[in-house]
Structures are given as structure tokens and as C-alpha cells.
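Listed here are the chains, written in short residue letters.
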Amino acid sequence: MTMIFGIPLQAFLGQLLIGLINGSFYALLSLGLAIIFGLLRVINFAHGAQYMLGAFIAWLLLAHFGIGYWPALILAPLLVGLIGAAIERTMLRRLYSLDPLYGLLFTFGLALTVEGTFRYLYGASGQPYATPALLTGGANLGFMFLPIYRGWAIVFSLFICIGTWLVIEKTKLGSYLRAATENPVLVQSFGINVPFLLTLTYGLGAALAALAGVLAAPIYQVSPLMGSNIIIVVFAVVVVGGMGSIMGAIVTGYLLGVAEGLTKVFYPEASNIVIFVIMAIVLLLRPAGLFGRDA
Amino acid sequence: MTLTLELQNQKERRPIVAQTVFLGAGLVLLLLAPLFFYPVFLMKILCFALFACAFNLLLGYTGLLSFGHAAFFGGAAYFTAHAVKEGGLPVEFGLLVGVAGAALLGAVIGFFAIRRQGIYFAMITLALAQMFYFFCLQAEFTHGEDGIQSVPRGHLFGFIDLSQSSNMYYFVLAVFVIGIAVIWRIINSPFGMILKSIRENETRAISLGYSVRNYKLAAFVMSAALTGLAGGLKALVFQFATLTDVGWQMSGEVILMTLLGGIGTLIGPLFGAALVVTLQNYLATSEFPVTIITGVVFMVCVLLFRRGIVGEFYNSRLGRRLGFEHRHK
Numbered sequence: 011m012t013m014i015f016g017i018p019l020q021a022f023l024g025q026l027l028i029g030l031i032n033g034s035f036y037a038l039l040s041l042g043l044a045i046i047f048g049l050l051r052v053i054n055f056a057h058g059a060q061y062m063l064g065a066f067i068a069w070l071l072l073a074h075f076g077i078g079y080w081p082a083l084i085l086a087p088l089l090v091g092l093i094g095a096a097i098e099r100t101m102l103r104r105l106y107s108l109d110p111l112y113g114l115l116f117t118f119g120l121a122l123t124v125e126g127t128f129r130y131l132y133g134a135s136g137q138p139y140a141t142p143a144l145l146t147g148g149a150n151l152g153f154m155f156l157p158i159y160r161g162w163a164i165v166f167s168l169f170i171c172i173g174t175w176l177v178i179e180k181t182k183l184g185s186y187l188r189a190a191t192e193n194p195v196l197v198q199s200f201g202i203n204v205p206f207l208l209t210l211t212y213g214l215g216a217a218l219a220a221l222a223g224v225l226a227a228p229i230y231q232v233s234p235l236m237g238s239n240i241i242i243v244v245f246a247v248v249v250v251g252g253m254g255s256i257m258g259a260i261v262t263g264y265l266l267g268v269a270e271g272l273t274k275v276f277y278p279e280a281s282n283i284v285i286f287v288i289m290a291i292v293l294l295l296r297p298a299g300l301f302g303r304d305a
Numbered sequence: 479m480t481l482t483l484e485l486q487n488q489k490e491r492r493p494i495v496a497q498t499v500f501l502g503a504g505l506v507l508l509l510l511a512p513l514f515f516y517p518v519f520l521m522k523i524l525c526f527a528l529f530a531c532a533f534n535l536l537l538g539y540t541g542l543l544s545f546g547h548a549a550f551f552g553g554a555a556y557f558t559a560h561a562v563k564e565g566g567l568p569v570e571f572g573l574l575v576g577v578a579g580a581a582l583l584g585a586v587i588g589f590f591a592i593r594r595q596g597i598y599f600a601m602i603t604l605a606l607a608q609m610f611y612f613f614c615l616q617a618e619f620t621h622g623e624d625g626i627q628s629v630p631r632g633h634l635f636g637f638i639d640l641s642q643s644s645n646m647y648y649f650v651l652a653v654f655v656i657g658i659a660v661i662w663r664i665i666n667s668p669f670g671m672i673l674k675s676i677r678e679n680e681t682r683a684i685s686l687g688y689s690v691r692n693y694k695l696a697a698f699v700m701s702a703a704l705t706g707l708a709g710g711l712k713a714l715v716f717q718f719a720t721l722t723d724v725g726w727q728m729s730g731e732v733i734l735m736t737l738l739g740g741i742g743t744l745i746g747p748l749f750g751a752a753l754v755v756t757l758q759n760y761l762a763t764s765e766f767p768v769t770i771i772t773g774v775v776f777m778v779c780v781l782l783f784r785r786g787i788v789g790e791f792y793n794s795r796l797g798r799r800l801g802f803e804h805r806h807k
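Protein sequence lines, in the order shown, are assigned to chains A and B.
Those letters in the first sequence? Residues 11 to 305, per our numbering, in order.
Those letters in the second sequence? Residues 479 to 807, per our numbering, in order.
This is chain A alone, in the form it adopts within the complex:
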């Protein structure tokens, strides 16, 4: 058997794959966080809850209405995005004039409420969600076995990340968003509806989280706790990347996912703290984060 650094090649590649998959979700979630933070100056603690909500809606659609994976991939983000927009419009909006910490606390309360409700209704244990028929099975790559769905998750999340980046960097809407991030008052005086942009952005961020949730449903179990487990890690990712750039959030997400996967190969005991350790090191060497602009 081929060995690499004294580790069987298959185990190495297997963990690399798991790292890439985790990294896909870190990237999708930190991307949403960065977009919301860029415009609203709110750290969306409810991002984990919205991710969980996406997965749960997909599961509920299948269990109660027989609506499968593909429609859910559109319906769940749409629904969660609309809920997010409504919350921004009615509640979150009142906090913009205050210290940004209140936004964090509000969304924390929101996350507790949503998570508590789903725990009450469906219990703390996970529900399995079947892989869509089109993507079942696996491909033998010669050196390893790749479950097709996992390959799809990586490719699709990469597609969404790059797509979102293109929308923000290359389209008219994106240029409005970027301008409103720099100077909302000036942009509004040009006749652009900035409050609507804010609602749209929060809705979009929530929808991205829900999309990640649907994507995650067949891989991880659908459980009320899945959001809070991942959100703290994503916060560390965001601190490492710095929230100054969209691309920074994406790249850091994948990098840290892979770093976590590789740690599992070489030193399994440290695998669930390695991202936090990297965060501490980055804080020592580059306090503003790898891609951060603010001091």
C-alpha cells in the first residue's frame, strides 16, 4: 500500500475529502456572515439556526409532502430568506443605530428560540435524510472511493461561492451593495433604496445558510443542534479570514476545513480544536486576519 508521511494514502485522501467537505460548509457559511456583516455591521449569530432550518425544511418537505431534494434545494433557501427578510424588516432594523453588539445579542436570542423550538418539536436526536437517487453510489477513482454525493457537495458549494462572488463583484446590484457598504448615506442620496438593500442582503445571507443546510442534510444528520455546533467554528474561521473580503472568507473556509481534516490523520486528539489554535496563532501574527483590512 502506498504510504505518505507514514500514513496509508487512502486514509490520508479520505480525511482530505472530509476536510474539503467540511471546508465547503465553512466557506458557504462564512461567506454569508461576511456579506451580512459587510452591509449591516451585524454578526448574524442566527446563521447556524438558519442553516439548521434549511436542512429541517428539506426534511419536513420530504416527510410530509413528498417533495424531494431538488425542489427543496430551491424552496428551503427561498423560505428561510423570506423569513430572514421579514425579521430584518420588523426587528433587526431597529438596532442599526446602536452598538453592533446588540445585533449580535439579538440574533443570539433568535438562534436560541429557533433551536429550542425545533428541539421541543423533534427532539435532540438526528433524522436521516436520504441521498437523492441521482447522486447515490460512488465512483472508484483508482486510488480511492468517492461517494458521488460528497463530490457533488464540494462542486456545488464551490459553484455557489464563486457565483456569489461574481454577483457582488461584477453586477450592478453587487456594485450597489459594495457602494452601500462604503457609504450608505451617499448611496441613498443617489436615489438608491438602501433600506431595501439591507433587507435583501439579510435575506440573501439567510438563504445562503439555508442552502448550505439542504446541501448538508444527506451528509450529516438533520438535527436541531447541527447549527450551534458549526457556528462557533465558523466564527473562528471568520476571525482568521477577516471579514474585509468575500473571497477571503471563501478561501479561509476551505483552507481551515482541509487543515482540520489533515489534523485528523496526524493527531486526531487535536482535530476539534485545531481551528481555534490556528485562530490564536493568526491573532498573534496578523491580528487583522489573513485577508482583513480593518486594524
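Derived from the structure by calculation, the hints contain no laboratory data.
Each residue gets a CB set at the ideal place from its N, CA and C atoms; glycine is no exception.
No incorrect hints appear here.
Short derived list, chain A residues pointing at chain B, Cβ under 7 Å:
1. ILE53
2. PRO110
3. LEU111
4. LEU115
5. THR123
6. ARG129
7. TYR130
8. ILE242
9. PHE245
10. ALA246
11. ASN282
12. ILE283
13. PHE286
14. PRO297
Use these hints to put chain B onto chain A, whose structure you have.
Chain B alone, transformed into the frame defined by chain A:
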């Protein structure tokens, strides 16, 4: 001339009189409380109240929102429980071990966290506390999911039997009063004034020549140490230390207690803690999960009730007439 002076004197004396009356009444109530309530319930409130007051030293008076104070609370609970149970130390030294451990932990986490401000500070403390949680999950001396159980309460100073709940209650009350007195002393010292100036305008404090970083770190360590006192005390009251106390939910709970009672008020967190603990006890027997209520209260507080109970009282007509002032945003 003399008349105006006298009037001024009266005006300035009024708040002191009012505060002394409130303080005295509060103390008498706390001393008599075990006659009316279950002592363990009261002790739980006092532990969480001290926790929240220590947390408020950082949030209310220095303007730093830590999302990782559970690490100091739960960490100290483990340290104290381990020192008393395995090390055979007397309770007073056990508590000191908890305080010292929490202070050390605070120095490490604070060292990293103060490198960033505002929202990043909150996220870093949350992440590092989560790292400590994973450490506690795997470390041997915490006994993982089981926790450290049946911690002996022992004898205070060698002769006061703390296994009797009334003795234990007055011991907890004494520690609580000492803790609050320390916090009061800190916020009313020149050091405390500088902390407030950092809260109000950090850039200005820097330009006035204060090494803001050192002050922030010092405040962080003090807050962690006092939190450790509360955590150690809780381990002795309940005679166990578990993972619940180090989890991020606990960090959220203490924020809620402080917010509900009044950020930046000395005794507000006591009321917040009493309310939250009562609510938890009330809901403990029903199937309805506490987190839903906690979450909703959180949202309502942030949207409509940012001054908290004591803050609202200070700002009410009666509060102002009694001379309380509360300037927190």
C-alpha cells in the same frame, strides 16, 4: 450663601442616604431569606448573581462583551471541585485554587482576545472558550461526561460544618458580599474610572496616554477571577462540577442575566440572576424547554428593554428623585 451650600449638601446627601437604606434593606432581606425560601435555591441565585456582577465589570464598566465567561465559571468549578475532592484541601483554599485557575485562564484568553475589538472580541472569546470546553471534554481530571461528583463541603476554618445548609448559606452570602464589595471598590477607584473612559471613548483614552491594552487585560483578569469565585462556590453548593458550566449556553445565560438586570449597574445582575434562576426552577418540572423562553426574553430585552430592570428604575422619576444616576447607553 450658607443656605445654598446647605441645600447643595442636602442634595448631595440624598443619594447616599437612599443608597444606604436600599443596601441595608437588601442585606436584611438576604439574611432573613432562608426563613422563607429553600436555601439551595437562594445559594444558586447568589452564585449566579456574583457571576453576572463579575461579568458586568467587563461589559458594563469596560465595554467589552465576552462570549466566553463560561470557561472561567465552569473551569473554576472543576478546579475547586478537584482541589477539594482529590487534593483534600479545605474549602477556603479550594475556592482560592478556583479563583487562581480562572485568573490564569483569563490572562491567556484575554491576551488573545484584546488584540481585536468589538464584535471580533466577542467571537474570539467564544471560540477560545469553546476550545477550553473541548479540553474539559477530553481531560482526565474532569471525568468527561460524568463530571466531578460528590464534592465534600467540609468545614470552614476547620470548625464550621458546611454540610448544614444554613451554615453553607451564610458562607455563600458572606462570599457574595465580599465579591460585590471588591467589584464596588474596583469601579470606584481611579483604575475603575479609566476603565469607564475606555468604555466611553477608547481612542481618547489612548491619546491621554493610558496603555489601554494593559487596562483591558487587567479588567479581563479581574472579571475572570471573580467569575472563578462564583464558579468555585457553585461547585461547593451543588457538590459537583459538570460540562454544563463550561458550555457556550452558560456564557449566553450570564449575558442575559446582566442585560435583564441592567448593564452597568452594580446590583442589577443580582435581579437578573434571580429572575432567570427562578424561571429555570419553575420550568424545570415542565417539558417546555427553557431555551425558547430565554431566547424570546433576549430578543425582547435587546429590542425594548436595553436598560434592564435596575437601569429602568434608576431612570424612572422615583429613581432620579432618589439621586440614582445611570448613564449607560
